[in-house]
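Turn these sequences into a full structure, and let the hints steer you where they fit.
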Amino acid sequence: MNHSRRNSEKSTTISIILADDHPVVRLGVRALLESEQGLSVVAEASDGLEAVRLAARLKPVVLILDLMMPGLSGLEVLRLIPQRSPQTRVVVLSMHNNHAFIAATLRNGATGYVLKGGPEKDVVRAVREAAAGRRFLSPPVTEVAIDAYIEQARAGSFDPHETLTAREREVLQLAAEGKTSPESAARLHISPRTVENHRAHLMRKLGLHNHSELVCHAVRHGLIAVEN
Amino acid sequence: MELVSEQSRTRRTIRDLVALSALPAVWVDCKPLQVAEGLADALLGTLPLEFVYLQLSPRVCGDEQALVRTSFESNSADHVRTISHALAPVLDSPNLGSVQSIPNPIGGGTLRIVAAPVGLPLADGLVVAGSKQTDFPSEDERLLLDVGVNHAAMVLQRIMAEEAQRKSEQSLAADLADMSRLQEVSTKLVQAGDSSSLLLEIVDTAIAVTSADMGNIQLLDRDSGSLKIVADRGFESPFLEFFNAVNEGQGACGTAMQRGQRVVIEDVSKSPVFVGTPALDVILAAGVRAVQSTPLIARSGRLVGMLSTYYRVPRRPADRDLHVIDQLARQAADWIERTQAEEALRLSEGRIRQLLSLIPAAVYTCDAEGRIDFYNQRATELWGREPAADDRFCGSWRMYRPDGSVLLHDQCPMAACVREGRSVRDTLVMTEQPSGIRAVVSFNVQPLHDHQGRRVGAINLFEDITDRERVLAELKQSERRLSEAQQVAHIGSWERDLRTDQVTWSDEMYDIFGLKADEIDVSYQRFLQLIVPEDVDRIRALVDEAIRERGRFSCDYRITLADGSVRVLHERGGTILNEQGVPIRLVGTAQDITELREAEQAMREYAGRLQTLSRRLLEVQEEERRHLARELHDEVGQMLTGLRLILKPTADLTANAANAEVEKARALVDDLLETVRQLSFDLRPAALDQLGLLPGLLALFDRYTGQTDVRVNFKHQGLDGRLAPEVETTAYRIVQEALTNVARHAGVAEVAVRVWRTGDTLGLQVEDRGRGFDPEAVLGAPRSSGLAGMRERVELLSGRLTIESRPAGGTLITAELPVRRTNTHESFSKE
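First to last, the sequence lines map onto chains Y and S.
Note that this note's numbering has the first sequence beginning at 1371, numbered continuously upward.
Note that this note's numbering has the second sequence beginning at 4, numbered continuously upward.
Hints are not guaranteed to be accurate.
If you want the ones that stay clear, here's a sample from chain Y, every Cβ over 10 Å from chain S, calculated [to be verified]: (1) Met1465; (2) Ala1546; (3) His1579; (4) Glu1583.
Only part of the chain S face toward chain Y is listed, based on derived beta-carbon distances under 10 Å [claimed, not checked]: (5) Gly695; (6) Lys718; (7) Glu807; (8) Pro810.
Since the hints were derived computationally from the structure, they do not count as laboratory data.
Cβ atoms here follow ideal geometry from the backbone N, Cα and C, with glycine treated the same way.
Printed below as a string of structure tokens:
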């Protein structure tokens, strides 16, 4: 492995496998790449499984990968490549100008992300950058945007209290004040049974198990004042 | 001289008398013959005799003895014979006391002889004295003769008496020995023991006591009806083989069997029993000349065998011997019968025990002290143990009463039965094994008695009825359920007597009509009044027809309760005929099926809703297609048309102009690409399928904000990993629909979206502070703004949707969906 890796670096030719289920796309991209110095498409794959097999056998420097492919999806191919051909860098070719996809591919080990329909040179640049071990993203998407996205996707300051419905908040308030179910029911003009249901429901939402926990929750959220 | 001689004769006579009188003292301890000789000698010495003849009866000295003493020095045998011969006529008819003259057999001349009896009974003996003297016997001589003979007779009588006493003492001792021997045998018989050695002992006793030479005992084989030798003494092979099995009428024993009484054969060679039969040779060869066979008759009168004794010489056994044999026979018969009965009992007892050990029920017995003396395999299984040595009345480890209280062993039914003879059937006891396993057991206890009717224990046949109890309990429960079901089903029953027109209702019937049993006296007319007026005629007609046709009917009708509510009843009824086939009664049931009807109604409504939904789905599908067609036509089609115009080959085009055209075409293609991308996104967001709910939602918000300028304040928790596709799709569509509504109706610049996962629930919330609406009115509208669709999606997943809104009060939509985490890479697991 090291031997072949060294070889490919010494000879400045970058070996490439091209994986896309559309022959037209492959034709276009191949023409584009082969017009460039030092780039060589060594194989083409029309589905994900074939891409993985070829990469494992040929150990290309770069794999250009379409995300939407039959058999094995692009994301799955991304996860398998580090095991089958560790030195191969993957440049994703996608029509999704979408943070979610970019973040997902990057998280799964892609080195480059190029939009179909973007400038042709982007593909060539992405391949060269990837061969050099650097990341490249199509201009519409920037790393800053990706970071923002990832930040957003991360579990935020979620407060279960916010998920309570108005009725549940009323029942919580009354329960925290020490009202019994029939008392609350009378106040809210609903049946005691319904009060019980709301109460059970809100406690489950809030992860509360008994009345004292309910009171603590109410105190923390300022629903009731602490006496002393 | 006369006087002197007279005096001297008298003196001599006195002297002689004294001498004779001394004789008895001399004869002490003498045998009768010695006495006879002594008498003869004394008479010869004192009287002028030629001879003395003396004869003694067998009674006196065993054999008839005669002796002769003569005045000669030697008593030759000739003299004895001659004198006996000469005296024969005299001895034939002795003329006692008279004097006879006979020719002298042992010399010349004539002898005067006189005969005197010895002893009082004449037969005891006779003395004849003969003398040559012509005046013999003188008075003195006669006196002397009488005195001598009488003294001898007295002595002889004493000797005889002594002899008789001695003999009787001897006989008594023999009898005593025999009796003790019999006693010994009978003791042994009572004690029982080895039967063959005992039988042999009886034979030996019989032989010994009756001076027999051989003996045997035969037992009656009831199967073959023949006698078989079981004990014998003194016989060998040919005899034993020949008489191995004797049938009626065969030999002495067979004859005795036939007659049922003893047969005595004094001489086998002369008895018709043996003469001319092959048995004779066998029996003679065995050395038998006489035999007696005594049947062994048990107390019951049954012949059980034969006791025979045999003799080497022809003889008839003495009566005494036969008497002894009778005693022996009776005891032996008793013993044999008892032994056989015991044997039979043992056999049958053994058989019963074997039977008890085999039967599938548990059985045990205990004795009068409560000791367990028998139990079968099944009993140990139920006890879970072998009974311990100190267990009393039951081998169970512990026992409880049905109420759960402890039941001590000496209080259990078995103990009561042993003590008081009380038998119980099917008494329930809870038993506990050492392992703690409990079982409900049914005791069936009976006292056991011996043949004299004394209580000697008890037997318990018990079985595990835990299952039976359980089944019974289940049966009871199912009965209860049935009655509950009837109550729940609201089925009442009624009966109408057609002759009196009296109507009887069950309690449930009153319940159905909302009446109290004491509140109303039911009649058919009253019943008709309770029916909704529109249904009355129909019901009346139906019932009348049923009576007329003697048939059944079933119908539904409505009734009005006191509170004005209307209930629907289903009724089934039929006519009961008397023996003449005339309808006498009408019986039936009525069931309140209002709820059933309502449920049917709900079902119909549900089916209707389903239909509406399906229709709507089709509509949506058509709408989507229309939209797609419009987009393709309006957007994609227009662009492609433009593209086609631009790419029209033009011959005379400068390179610059050509480049400009290509740029225009590229821009159009870019637009086209974007349009297709949007179209694709609208149809089905790839991010949702490929990446999951969170990326899908983020992509949605991106686009939403881009299109509507409404910001999405998104908070989430617990959304790592994938959910089931239908849950992800439903959640996505609900949020999408809610956001669309917000953009269309709320009139706000910001919307809050919260998505969380807790345990098995996925929560979704979309909240705005916008215009709000009246949910009832909106949901009631025939074409609602997607809220009904949301509800249906949620209900399809058994989730819960809450819509809280009021005009000017904003809107909060909360959906909770049950979830189940799925394998993230499920579709690739094949690789």
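Going by Cβ atoms, does histidine 1579/Y stay more than 10 Å from chain S at every point? 13 Å, holds
Interface restraint verdict for glycine 695/S against chain Y (beta-carbon cut-off 10 Å): OK, holds: glycine 695/S within 10 Å of chain Y, min 9 Å.
Methionine 1465/Y clear of chain S by more than 10 Å, beta carbon to beta carbon? 6 Å, violated
For the restraint on proline 810/S, tell me whether the closest CB of chain Y is nearer than 10 Å. Not OK, violated: proline 810/S not within 10 Å of chain Y, min 15 Å.
Classify the hint on glutamate 807/S as holds or violated, based on whether any CB of chain Y lies nearer than 10 Å to its CB. 5 Å, holds
Against chain Y, is lysine 718/S within 10 Å by beta-carbon distance? Nearest chain Y Cβ about 5 Å off; hint holds.
Least C-beta distance from alanine 1546/Y to chain S larger than 10 Å: Nearest chain S Cβ is 20 Å from alanine 1546/Y, so the label holds.
Could you check that no beta carbon of chain S comes within 10 Å of the beta carbon of glutamate 1583/Y? 15 Å, holds
When the structure is compared with the earlier hints, violations turn up for hints 1 and 8 and for no others.
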